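K.L.:
In order, the protein sequences belong to chains A and B. Going by the numbering used here, 60 is the number at position 60 of the first sequence; the sequence numbering is gapless. Going by the numbering used here, 206 is the number at position 206 of the second sequence; the sequence numbering is gapless.
Treat the hints with care, since some could be wrong.
As the list claims (entries may be wrong) - Footprint (simulated), chain B over chain A, 3 or more residues, beta carbon under 8 Å:
| # | stretch |
| --- | --- |
| 1 | 52 to 63 |
| 2 | 90 to 103 |
What the hints assert, rightly or not - Once the Cα atoms are required to be at most 25 Å apart in a straight line, the calculated DMTMM-like pairs of lysine to aspartate or glutamate come out as:
| # | chain 1 | residue 1 | chain 2 | residue 2 |
| --- | --- | --- | --- | --- |
| 3 | A | K279 | B | D178 |
| 4 | A | K39 | A | D115 |
| 5 | B | K60 | A | E3 |
| 6 | A | K39 | B | E134 |
| 7 | A | K279 | B | D372 |
| 8 | B | K345 | B | D372 |
| 9 | B | K345 | B | E323 |
| 10 | B | K100 | B | E50 |
| 11 | B | K132 | A | D191 |
| 12 | A | K279 | B | D31 |
| 13 | B | K132 | A | D41 |
| 14 | B | K100 | A | D115 |
| 15 | A | K25 | B | D178 |
| 16 | B | K100 | A | D191 |
| 17 | B | K48 | A | D115 |
Calculated from the structure, these hints are not laboratory results. Note that the structure is a prediction, hence the values are computed from the model and not measured. Beta carbons: idealized from backbone N, C-alpha and C, even for Gly.
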Amino acid sequence: MREVVYTPHSKHSSGMLGSFITLCKNTRKSHDFIWQLFKRDLFANYKKSALGYAWMILSPIIGVLSWVIMNSAGILKPGEVGVPYPAYVLTGTLMWGLLMGSYSGAAGTLTAGTDMIQQVKYPHEVLLIKQLAQQLVAFGINLLINLLVLGLLGVIPSWKIIFLPLVIIPMMLLSSALGLWAAMIGVVAPDITNAMNIGFGFIIYLVPVIYAKEVQNHYLAFILHWNPLTYLVCSARDVMLFGRLYGATGYFASTTLALFAFLFSLRCFTLLENRLIEKMA
Amino acid sequence: MSTKSPILEVEGVSKKFCLNLRRSMFYGAVDLANGLIGRDADRGILRKGEFWALQNVGFKLQQGETLGIIGSNGSGKSTLLRLITGIYPPDKGTIRVRGKVGALIALGAGFHPHMTGRENVYTNGTILGMSKAEIDARYEEIADFSELGQFMNSPVSTYSSGMVARLGFSIAVNSRPDLLIVDEVLAVGDLAFAIKCHRKMSDYRQSGGTTIMVSHSNQIIRNVCKNAIWLNKGIIEAIGDAQDVCALYEAESMRSIKASDDRNQSVMNYDSKARVSKVEILDKNSLPRSEFVFDEEMKIRIHIDCARKVRNPIFTISIHNIENIQVISNYTSFDGWKVDELEGKAYIDFILSPLTLNPSKYFLSLTFTENDINKPLEWHEKAYSFSVTKAPTSYGIFNPKPRWEFRRES
């Protein structure tokens with residue numbers, strides 16, 4: 001029989017990589033659990049709705065239309081971006097949406113299981129995988145709509161779009177790292193998490209997603225230069241539109257940072273989750 | 001308890017909580033910050049506002065045993081179960097669990113109201129550690145046990161709480177754990193379902209399953225468990241044979257209730273000219289006693305003092321056990337005792353000979369009425385208590401001392 005030992009410090013022995021390996025093992029072991037919760041949370045909420053699953057594509061279509069209308073009305077003056085502005089901004093916001101989705105998904109890692117977290121023992125970190133899987137489904141639907149709109153705008157995506165799944169990984173890792181901290185802090189200091197959520201929404205203006213990368217303001221240019229999200233989000237966009245990374249050095253440096261941040265956050269989450277769950281009672 | 005290859009070992013386990021929510025959150029933030037820099041504060045000391053929900057708890061449980069946990073509200077029973085299942089970490093001590101743990105702490109954890117019973121079987125089953133293949137294989141058994149029939153294809157939001165409990169129990173018990181933890185969940189659902197659950201759990205025990213059961217019903221603990229633990233304010237007050245532990249718990253509960261001290265609060269007189277002046281619980285020698293041995297004689301003597309004529313007086317006596325189950329209810333009018341009128345001082349005896357109540361604590365209530373039992377002159381509500389000890393068997397509430405007869409059929 002498998003023996004499990006619970007002590008005050010039972011999770012201290014594994015390091016950052018150990019936590020990651022545990023996540024992988026638990027994900028493999030709990031794949032049925034992840035799949036059932038994934039289905040439950042993805043589909044159950046549409047069951048009462050008259051339009052049902054149509055909302056899964058209606059929401060992104062409305063988002064696309066809003067940008068197209070604003071652009072055609074001349075509200076936006078983005079500067080020279082290399083492709084028709086709607087294509088640029090739609091693709092950029094698509095990637096930003098994935099970033100935000102990964103952040104909010106990870107931030108909900110503990111709360112996604114509120115109904116059972118005090119009642120049943122399960123590997124809480126695998127809920128992160130379920131949360132991210134939901135975001136990837138939403139991203140996939142948005143991507144298809146986006147490709148359709150790009151076609152209508154006469155923009156042919158680069159063949160290097162096949163690398164997109166790889167390019168978005170660091171972006172998801174970094175936002176998940178921040179999201180995990182929001183999840184942890186949200187239990188004991190919800191004010192800080194609320195501030196983080198608002199702040200994260202504001203960061204879109206510190207990344208050249210809805211405007212061109214050349215900006216007049218020196219301070220903003222400085223931030224754009226040193227902001228890792230600039231490289232992670234814009235590289236995903238540029239791989240799709242132009243078949244290149246947005247500053248290869250910045251991208252790989254940011255990728256290293258994202259990987260380290262994720263492992264560190266995951267380690268802290270693994271170490272502290274049970275202590276935090278006590279506070280959720 | 002034996003020490004050979006236990007399925008569960010709990011050694012010196014303590015758990016603390018904070019009384020104040022904001023302070024609790026503050027401590028949580030401090031712990032979070034300490035964790036961030038790799039420091040782990042000494043969990044063995046109490047900070048301001050904290051208290052021990054469990055303190056130095058230790059016991060072992062062998063495979064196939066059934067352990068009951070009893071104690072008043074807030075004694076730490078549910079916390080202990082959450083520590084054993086690994087939901088909370090201990091602040092001190094070690095818990096070793098060998099095998100798969102199934103916890104019936106809350107039936108239907110993870111149920112989504114918009115999903116059908118069938119869909120929720122799969123979700124809840126995986127939450128309890130079953131694979132999809134295992135659920136596929138046991139689905140019919142789960143559906144049959146729950147007796148939900150066509151409702152399995154309806155959303156759970158349309159179920160009654162009893163139906164939810166049925167489905168939740170059915171999934172949990174069919175997850176076939178090595179150690180089953182049951183926290184008072186069988187109190188839900190209708191009587192037929194409760195009986196069915198107990199039968200299922202009995203089958204589980206017969207097949208070598210190990211159970212920890214929390215219940216406020218000492219009768220259930222006595223009937224189901226070999227051993228028991230009495231938790232009191234987070235400390236093990238008694239551990240050992242379930243009969244003995246329940247008896248100790250009941251004795252302490254009685255002391256805390258202080259029924260006799262509260263006599264004035266539980267005695268109501270509605271006619272100052274017709275009073276019950278004294279009530280005595282006596283043995284066969286008419287000496288006052290509060291503790292009786294099974295099978296001996298017990299007498300309840302009701303002294304009355306009537307300054308007027310009471311016509312067609314009726315006395316009623318009822319006895320409740322510690323779980324507030326009425327085990328005896330007798331009326332003089334039904335038992336054939338009758339006088340036309342009473343006046344002055346007198347007493348009436350209610351004699352139980354032999355006393356066949358099983359060991360426990362009991363509360364005595366009585367009424368003194370005139371002509372109509374619904375119009376009491378005086379009412380003593382659980383104002384007296386006594387205990388019974390030493391019976392040939394402690395199962396059930398009372399032992400009617402039946403006669404068994406054996407005949408061979410030709």
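K.L.:
With reference to the structure, classify each hint as holding or not holding.
P.N.:
Quick rundown of the hints versus the structure:
no., hint, result
1, 52 to 63, "violated (count 0)"
2, 90 to 103, "violated (count 0)"
3, A/K279 / B/D178, "violated (29 Å)"
4, A/K39 / A/D115, "holds (16 Å)"
5, B/K60 / A/E3, "holds (14 Å)"
6, A/K39 / B/E134, "holds (18 Å)"
7, A/K279 / B/D372, "violated (57 Å)"
8, B/K345 / B/D372, "holds (21 Å)"
9, B/K345 / B/E323, "violated (35 Å)"
10, B/K100 / B/E50, "violated (32 Å)"
11, B/K132 / A/D191, "violated (40 Å)"
12, A/K279 / B/D31, "holds (11 Å)"
13, B/K132 / A/D41, "holds (18 Å)"
14, B/K100 / A/D115, "holds (22 Å)"
15, A/K25 / B/D178, "holds (23 Å)"
16, B/K100 / A/D191, "violated (39 Å)"
17, B/K48 / A/D115, "violated (30 Å)"
The structure shown violates the earlier hints numbered 1, 2, 3, 7, 9, 10, 11, 16, 17.
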